[in-house]
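Enquirer: If you want this note's numbering, it's the 1-based position in the sequence shown plus 64.
It cannot be assumed that every hint is accurate.
Cross-link-like lysine to any residue pairs, in silico, SDA-like; alpha carbons within 25 Å at most [as the list claims (entries may be wrong)]: (1) 122 to 110; (2) 122 to 138; (3) 122 to 153; (4) 122 to 80; (5) 99 to 133; (6) 99 to 139; (7) 122 to 144; (8) 99 to 199; (9) 122 to 189; (10) 122 to 174; (11) 122 to 199; (12) 99 to 140; (13) 99 to 161; (14) 122 to 133; (15) 99 to 146; (16) 122 to 146; (17) 99 to 212; (18) 122 to 191; (19) 122 to 157; (20) 99 to 138; (21) 122 to 168; (22) 99 to 177; (23) 99 to 180; (24) 122 to 72; (25) 122 to 158; (26) 99 to 173; (27) 212 to 199; (28) 99 to 153; (29) 122 to 161.
If you anchor each label on the Cβ, the simulated ranges turn out as follows [claimed, not checked]: (30) 135 to 157: 15 to 25 Å; (31) 213 to 123: 19 to 29 Å; (32) 120 to 204: 20 to 30 Å; (33) 209 to 99: 43 to 53 Å; (34) 195 to 108: 23 to 33 Å; (35) 108 to 192: 52 to 62 Å.
Just so you know, these hints were derived from the structure itself, not from any lab.
For each residue, glycine too, the CB sits at the ideal point set by N, CA and C.
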Amino acid sequence: MSVSAIRSSATRALRSLARSRDRRAFHHRNVVTSKARQQRVESELQRVVAELVSREVKDPRVGMVTITAVQVAPDMGSARVLFVPFGDRHSPAEVTEGLRRAAGFLRGEVGRRLGLRHAPRLDFEYDESIAQADRLTRLIDDAVRSEKDEPDLGGDSR
């Protein structure tokens, strides 16, 4: 093998290595950019959906609803919208059904207001984390209250 052939193959190997590094760096930048875009879309979706639900949705089952979070799929094809209804007028299942009925209208309006070529499909779910947090707070309060009510039988514990 000649010296020029060795140099030529070494040069090709170095160029190939450089291209693969560039591809990895390009992919990393795109992943970071897409995550940042996904987060921006989630926050804008939450804002717009909350506004639309409070002002535009006429279904009496929906009433007063707080949109607690929006989670968009990586392909931006669907969005999970978490909500909590105010008051006890309608059950969470009834509110969910009302929001599902309005999902097509909401999707169209979201697409128009955010200027999205393809607005994500909106899937509404009752956010149980608020109810769970409330239940845990009550349990802790009850435990503290019952601990205060118990007499101290141990006396001095040294």
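Enquirer: A separate judgement is required for each hint: does it hold in the structure or not?
Expert: Status of the hints after comparison with the structure:
1. Taken as a hint, the residue 122 and residue 110 pair is honoured in the structure, with Cα atoms around 19 Å apart against an allowance of 25 Å.
2. Distance check on the hinted pair: residue 122 and residue 138 sit about 31 Å apart at the alpha-carbon level, beyond 25 Å; violated.
3. This hinted pair checks out: residue 122 and residue 153 have alpha carbons roughly 15 Å apart, not beyond 25 Å.
4. Distance restraint check for residue 122 and residue 80: the Cα-Cα separation of roughly 61 Å exceeds the 25 Å cut-off, and the hinted pair is therefore not satisfied.
5. In summary, the hint linking residue 99 to residue 133 is supported, as the alpha carbons are separated by about 16 Å, within the 25 Å threshold.
6. This hinted pair checks out: residue 99 and residue 139 have alpha carbons roughly 11 Å apart, not beyond 25 Å.
7. Of the pairs offered as hints, the one joining residue 122 and residue 144 holds, with about 21 Å between alpha carbons and a cut-off of 25 Å not exceeded.
8. With a C-alpha separation of about 34 Å, the suggested pairing of residue 99 with residue 199 is violated against the 25 Å cut-off.
9. For the suggested pair residue 122 and residue 189, the alpha carbons sit about 19 Å apart, so the restraint of at most 25 Å is met.
10. The suggested pairing of residue 122 with residue 174 holds, with an alpha-carbon distance near 17 Å, which does not exceed 25 Å.
11. A distance of roughly 31 Å separates the Cα atoms of residue 122 and residue 199; the hinted pair therefore is violated under the 25 Å criterion.
12. Proximity of residue 99 to residue 140 is assessed by CA-CA distance (about 11 Å); at most 25 Å being required, the pair is judged to hold.
13. Between residue 99 and residue 161 the alpha-carbon distance is near 31 Å, which puts this suggested pair outside the 25 Å criterion.
14. For a cut-off of 25 Å, the pair hint linking residue 122 to residue 133 stands: about 22 Å separates their Cα positions.
15. Annotation: proposed proximity of residue 99 to residue 146 holds, straight-line Cα distance about 20 Å (limit 25 Å).
16. Restraint check for residue 122 and residue 146: satisfied, since their Cα atoms lie roughly 19 Å apart, inside the 25 Å limit.
17. For the given pair, residue 99 sits about 49 Å from residue 212 by alpha-carbon distance, which is inconsistent with the 25 Å threshold.
18. Note on residue 122 and residue 191: the hinted pairing holds, with a Cα-Cα distance of about 22 Å set against a maximum of 25 Å.
19. The suggested pairing of residue 122 with residue 157 holds, with an alpha-carbon distance near 17 Å, which does not exceed 25 Å.
20. Taking the CA atoms of residue 99 and residue 138, the gap is about 8 Å. The hint holds against a cut of 25 Å.
21. Of the supplied pair hints, the one linking residue 122 and residue 168 holds, its CA atoms being roughly 14 Å apart against a limit of 25 Å.
22. For the hint pairing residue 99 with residue 177, the CA-to-CA distance comes to about 21 Å; that is within 25 Å, so the pair holds.
23. A C-alpha spacing of about 17 Å is found between residue 99 and residue 180, which places the hinted pair at or below 25 Å, so the restraint holds.
24. Taken as a hint, the residue 122 and residue 72 pair is broken in the structure, with Cα atoms around 72 Å apart against an allowance of 25 Å.
25. This hinted pair checks out: residue 122 and residue 158 have alpha carbons roughly 14 Å apart, not beyond 25 Å.
26. For a cut-off of 25 Å, the pair hint linking residue 99 to residue 173 stands: about 24 Å separates their Cα positions.
27. Taking the CA atoms of residue 212 and residue 199, the gap is near 20 Å; set against the 25 Å cutoff, the hint holds.
28. The hinted pair formed by residue 99 and residue 153 fails the criterion: a straight-line CA distance of about 38 Å is larger than 25 Å.
29. Among the hinted pairs, residue 122 with residue 161 is consistent with the structure: their alpha-carbon atoms are about 13 Å apart, no more than 25 Å.
30. The hinted range of 15 to 25 Å is satisfied by residue 135 and residue 157, whose Cβ atoms lie roughly 21 Å apart.
31. A hinted range of 19 to 29 Å for the beta carbons of residue 213 and residue 123 is inconsistent with their spacing of about 47 Å.
32. A hinted range of 20 to 30 Å for the beta carbons of residue 120 and residue 204 is inconsistent with their spacing of about 40 Å.
33. For residue 209 and residue 99, the Cβ-Cβ distance of about 45 Å falls inside the hinted range of 43 to 53 Å, so the restraint holds.
34. For residue 195 paired with residue 108, a C-beta distance near 27 Å keeps the hint of 23 to 33 Å intact.
35. Roughly 25 Å separates the CB atoms of residue 108 and residue 192, a value that falls outside the hinted 52 to 62 Å.
Of the numbered hints given earlier, the model fails hints 2, 4, 8, 11, 13, 17, 24, 28, 31, 32 and 35; all others are met.
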